[in-house]
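Protein chains: 2
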Amino acid sequence: MRLPKLSKLELQIMDALWSGGPLAIREIQETFPQKGRPAYTTVQTMVYRLEVKKALRRARKIGNAHIFEALISRDAAQRRLVDDFLGMFGGRMQPVMAQLIEAGNLTTKDVADAEKLLRDLSKKRKDA
Amino acid sequence: MRLPKLSKLELQIMDALWSGGPLAIREIQETFPQKGRPAYTTVQTMVYRLEVKKALRRARKIGNAHIFEALISRDAAQRRLVDDFLGMFGGRMQPVMAQLIEAGNLTTKDVADAEKLLRDLSKKRKDA
DNA sequence: TAGCATCTATTACGATTGTAGGTGGATTAA
DNA sequence: TTAATCCACCTACAATCGTAATAGATGCTA
Chain A
60 MRLPKLSKLE LQIMDALWSG GPLAIREIQE TFPQKGRPAY TTVQTMVYRL EVKKALRRAR
120 KIGNAHIFEA LISRDAAQRR LVDDFLGMFG GRMQPVMAQL IEAGNLTTKD VADAEKLLRD
180 LSKKRKDA
Chain B
60 MRLPKLSKLE LQIMDALWSG GPLAIREIQE TFPQKGRPAY TTVQTMVYRL EVKKALRRAR
120 KIGNAHIFEA LISRDAAQRR LVDDFLGMFG GRMQPVMAQL IEAGNLTTKD VADAEKLLRD
180 LSKKRKDA
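Chains as they are written, first to last, in the working numbering: chain A, 60 to 187; chain B, 60 to 187.
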């Protein structure tokens, strides 16, 4: 698996690493809001599993605690996520966009940004 | 669960019902491409589970075969899907859009359509 | 009506995910 | 040095999903 599938909780753990640099399990755990924070060993289990999936690795040790760092990029993980998501819709963008808009998740600004990004991107591709 | 979470395969099954009206298991199974089509009993199992989740129900019988019909709308299911998906991104639209565009999933036309839909929608809301 | 085809219903199993307890070793604070 | 913490590691377990086999009932056909 070059790009392992990550669950929501796994994503949240990776997010801690992506945002906060190499962290110990305890630190990862504490990035969760107190309300509904998973147990230390729950985080630990997920970290171990992410290690098996090669999504992160032990970078070094401080005292007897391991410090973990991400091995896959946020971008790559998100790409995978988006792909799976689109797969759910049979790869058709249209219903996805419609849904996003109707649910009010997508604002005028989001669309404007998208437009700009598209323009920039097509320009870059022409240049290259 | 008013809106049960549906997996990809479950979605595909519901899709058959949404598109093709009430169907028997055999008919649902046959909506899958020959290549990689799941076994009859696999579809059967999923249909039974969808029944437990109240996503569909037995509408009537033809011979000894049950005919199933959807109980939840495609729209509602997709809404749930999108919500979960956004939850994966912490609810932030921006990285989602960026990802979609950079991966080339989103075309100029998609964005134009989105724009139009947004305009129509905001108009409707003003009118109401 | 006998037999074949088809369907239903039940059961099973491995993988993944979320959840966490327990045990024992390492660190640290007193 | 000893007790309180903290951490690592292992094990467990329920739920969900995808996969399907098997067995028994029903219906269609010759």
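Because the hints were derived from the structure by calculation, they are not lab data. Just so you know, not all the hints are guaranteed correct.
The list cannot tell twin chains apart, which means a pair is met if one copy fits it or any two copies do.
Listed next, the in silico DMTMM-like pairs over lysine to aspartate or glutamate satisfying Cα-Cα at most 25 angstroms (straight line) [as the list claims (entries may be wrong)]:
{"id": "1", "residue 1": "LYS94", "residue 2": "ASP142"}
{"id": "2", "residue 1": "LYS112", "residue 2": "ASP134"}
{"id": "3", "residue 1": "LYS182", "residue 2": "ASP74"}
{"id": "4", "residue 1": "LYS64", "residue 2": "GLU89"}
{"id": "5", "residue 1": "LYS182", "residue 2": "ASP172"}
Hints, one by one, checked against the model:
no., hint, in the structure
1, LYS94 - ASP142, "between (31 angstroms within a copy, 21 angstroms between copies)"
2, LYS112 - ASP134, "within (17 angstroms within a copy, 35 angstroms between copies)"
3, LYS182 - ASP74, "neither (31 angstroms within a copy, 38 angstroms between copies)"
4, LYS64 - GLU89, "within (24 angstroms within a copy, 28 angstroms between copies)"
5, LYS182 - ASP172, "both (15 angstroms within a copy, 21 angstroms between copies)"
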